[in-house]
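Take these sequences, add in the hints, and give me the full structure.
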Amino acid sequence: MRKQKWTWLWIALSVCAVIAVNIPFLTAVLTSFKSNADISQNPLRLPTTLTLQHYLNLGNDPQFDFVGYLINSVSLSVGAVVLTAVLGLPAAYAIVKLGVGGPRLLGVVTSLRIIPSIFLMVPFFLLFTTLGLIDTPTVLILANAVLNISLVMLIYAAAFQGVPESIFDAGRIDGAGALRVFFSLMLPLIRPAIASAALLTFVFSWSEYLFGLVLTTQKAVPLTVGVSNFVTNTGTQWGDMSATVVISIVPTLLVAVFAQKHFVSGLTAGAIKG
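My numbering applies: residue 1 is where the sequence shown begins, and numbers increase by one.
Since the hints were derived computationally from the structure, they do not count as laboratory data.
Be aware that a few hints might be false.
[Stated by the list, open to error] Here are the in silico distance ranges between beta carbons for each label pair:
#1 161 to 121: 28 to 36 Å
#2 20 to 102: 41 to 49 Å
#3 132 to 9: 56 to 64 Å
#4 253 to 134: 28 to 36 Å
#5 234 to 6: 48 to 56 Å
Since the model is a prediction, treat every value here as computed from it, not as a measurement.
Even for Gly, the Cβ is constructed at its ideal location relative to N, Cα and C.
What follows is the structure in structure tokens.
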């Protein structure tokens, strides 16, 4: 009986925590369907009338390039996912299965994750300015790839460690080289880990704000930075801003839903081995 009470207590606390975490999002959803009059008079109450005007405004506002910002966010997120996979997979494979660098190298690479991203801001700005990449689609892809490569390699390394050594040895005995073993045997076996790393990289890149603010000015501005254009000297367009926020969350939700199965199994496999 006592155990059952504790169970219900934890459930109640969990429900309260979920509600508290989602209050900002729910507020944004409600605000996006309110009229400007409702927003100004009753900002925290339910809307008296529902309107889609704020969503329609996004495509008609000449000062807010919603489509351009959205394309920039998609391209930088997908680009970061591809680049971290291209670099992280062979690197983790070489360290774990081929013994290149040993565990110390993996520890050094993964420990870079603890460095606050703000510490990289000035070096990144100077480097990309020298290379002429400021305000280009490439700059945020490279920046987000660097920010996420350590986490990605940690996931991949845990997945490769979970593959039995006998499978690796069997491939080598059959005459397969290191590359063939990598592409034909290893990659199919760690697909859940690849999905997990891709999902995390996409979400982190999509929601990244600081580097987008500093490294872009006009052409490559992502949606997270572009939404600040709704704050002007004359006031804040809360309805249009809320509509943008709601739409910006949709891609990450879709990616999470489609990759959920692989995401959970990928992280679980790595945790069990680790």
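Cross-check of the supplied hints:
For residue 161 paired with residue 121, a C-beta distance near 34 Å keeps the hint of 28 to 36 Å intact. At roughly 45 Å, the beta-carbon separation of residue 20 and residue 102 lies within the given 41 to 49 Å, and the hint holds. Between residue 132 and residue 9 the Cβ separation comes to about 59 Å, which falls inside the hinted range of 56 to 64 Å. At roughly 31 Å, the beta-carbon separation of residue 253 and residue 134 lies within the given 28 to 36 Å, and the hint holds.
For residue 234 paired with residue 6, a C-beta distance near 54 Å keeps the hint of 48 to 56 Å intact.
The structure is consistent with each of the numbered hints, conforming to all of them.
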